[in-house]
Amino acid sequence: GQQVMQIPQYQHVQEGEDFTTYCNSSTTLSNIQWYKQRPGGHPVFLIQLVKSGEVKKQKRLTFQFGEAKKNSSLHITATQTTDVGTYFCAGSSWAGNMLTFGGGTRLMVKP
Amino acid sequence: DTEVTQTPKHLVMGMTNKKSLKCEQHMGHRAMYWYKQKAKKPPELMFVYSYEKLSINESVPSRFSPECPNSSLLNLHLHALQPEDSALYLCASSQGREFGNQPQHFGDGTRLSIL
Chain A
1106 GQQVMQIPQY QHVQEGEDFT TYCNSSTTLS NIQWYKQRPG GHPVFLIQLV
1156 KSGEVKKQKR LTFQFGEAKK NSSLHITATQ TTDVGTYFCA GSSWAGNMLT
1206 FGGGTRLMVK P
Chain B
18 DTEVTQTPKH LVMGMTNKKS LKCEQHMGHR AMYWYKQKAK KPPELMFVYS
68 YEKLSINESV PSRFSPECPN SSLLNLHLHA LQPEDSALYL CASSQGREFG
118 NQPQHFGDGT RLSIL
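In order, the protein sequences belong to chains A and B.
Okay, so the first sequence: first residue is 1106 according to our numbering, each after it adds one.
Okay, so the second sequence: first residue is 18 according to our numbering, each after it adds one.
Bear in mind the hints are in silico, worked out from the structure with no lab data behind them.
Every value quoted in this text rests on a predicted model; they were computed, and no experiment measured them.
Any given hint could turn out to be false.
When the alpha-carbon atoms are kept at most 30 Å apart in a straight line, the in silico DSSO-like pairs for lysine-lysine are as follows [claimed, not checked]: (1) A/K1162 - B/K36; (2) A/K1175 - B/K58; (3) A/K1161 - B/K36; (4) B/K36 - B/K55.
Chain B with its partners taken away, still in its complex shape (with noise of 0.2 Å):
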C-alpha cells in the first residue's frame, strides 16, 4: 500500500473541460512533487512544494495550475488540455528543503486520457 493517495486513479476528459488531480499524505514530508510521465519513459518534474511554497515549476504551460492548500495536500487544476497531454501523472513526496538528497514516496498516480 503506497503512503501517498492520489485520486482519481483514471480520468478522461474532453479538450474544453476542467478537472483537478488530488493527492494526499500523512507522512509528515513538507515538500510535495507533481510529475508526468509518458510510456517507457521516465518521470518528468513539473512542478515542486516546499513548505506549501512553490518552490520549482519547470515551464509547465498555464494549462496546468498546481495547489497546496496544506502541508498534507497537492491538486492540479487541469483546463484545456491537448491530446498530448495524456500520461500518467505522479504526485510524490519527501520530507523537506532537500530536494535532491532525499528519497521520494510516490503516489499510484492519475492516468489521465484526453480526448
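Excised from the complex, chain A in its bound form (with noise of 0.2 Å):
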C-alpha cells in the first residue's frame, strides 16, 4: 500500500532559525497536502500542492512539489514561537483514494 515518510520525527531550533520537514511517498501522488496540529489541538490545513515542481508561500512558510511528485517540502524562514507543533504531510495517489498522513515533524522553537 501507499507509503508516505516524514523527517526528521523531531527538531528543536533556536527562534530565528530556519527549518525544513521532508516527506517523500513510495507512489506518485496526486496531489500533496500539509497539516499543521498544535500541543493539544488539531490538524488544520496549510495548502495544497498539485502540480509536478510547484512551489507556494504563505509569508514565512514555503511549500515544494517535487518534479516527480513523490516528494515535497515545508520550509519556514525565520521560526517564531507561534510555529510549535507538529507538521504533518498527508498525500494521495489518485482522488478517489483516501490520504495518507505521513509521520508528522514535531517542531520545538526555543525563545
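Each of the two chains sits in its own frame; use the hints to bring them together as a complex.
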C-alpha cells in the first residue's frame, strides 16, 4: 500500500532559525497536502500542491512539490514560537483514494 | 473557531459502557471522516462517508459503529471498548467524492479514555 515517510521526527530550533521538514512517498501522488497540529489541538489544513515542481509561499512558509510528484518539503524561515506544533504531510495517489498521512515532524522553538 | 463541531470534548467510559461521539458540520460538505489519533502519531483513518453512504471502512473492529443520519451529522457508536482504544477521535469533512484531492477540515476531537 501507499506509504508516506516524513523526516525528521523531531526538530528543536532557536527562535529565528530556519526549519525544513521532508516528505517522501512510495508512489506517485496526485496531490500533497500539509497540515499543522498545535499541542493539544487538531490538524489544520495549510496548503495543497498539485502540479509537478510546484512552489507555494505563505508568508514565512515555503512549500515545494517534487518534479516526480513523490516528495515534498515545507520550509519555515526565521521560526517564531507560534510555529510550534507538529507538521504533517498527507498525500493521495488518486482522487478517489484516501489521504495517507506522514508520521509528522514535531517542531519545538526555543525563545 | 473550528467549523466542524464535535461532542463531547472529553469522555471517560468503562469497558462495558455504550456511548456515542457526535460530529456536525454546516459547510455543505458531502464527505465526512472518523480518525483515531494516538499521542505523537498521525491521524489514522477509520471510516469515510460520502453522500451519507459508507465508502471506506479501514478494517475497524465492530465495537466501533459509524452512522451518518444526514449530510451534516456523523456519529460514532462505541460499545465494549478496550483500554487500547483510548485516543483522540477526530471528525473531519471535505467537499465531495474526491477524498484524496480535497482539503479536510477537522473538528477539535473527543479525547476518549477507557477504564
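Each hint, compared with the structure:
1. A/K1162 - B/K36: violated, 44 Å
2. A/K1175 - B/K58: holds, 22 Å
3. A/K1161 - B/K36: Between A/K1161 and B/K36 the Cα gap is close to 43 Å, so the pair fails against 30 Å, i.e. violated.
4. B/K36 - B/K55: Distance ~20 Å between B/K36 and B/K55 Cα, so the pair holds.
Checked against the numbered hints above, the structure breaks hints 1 and 3 and satisfies the rest.
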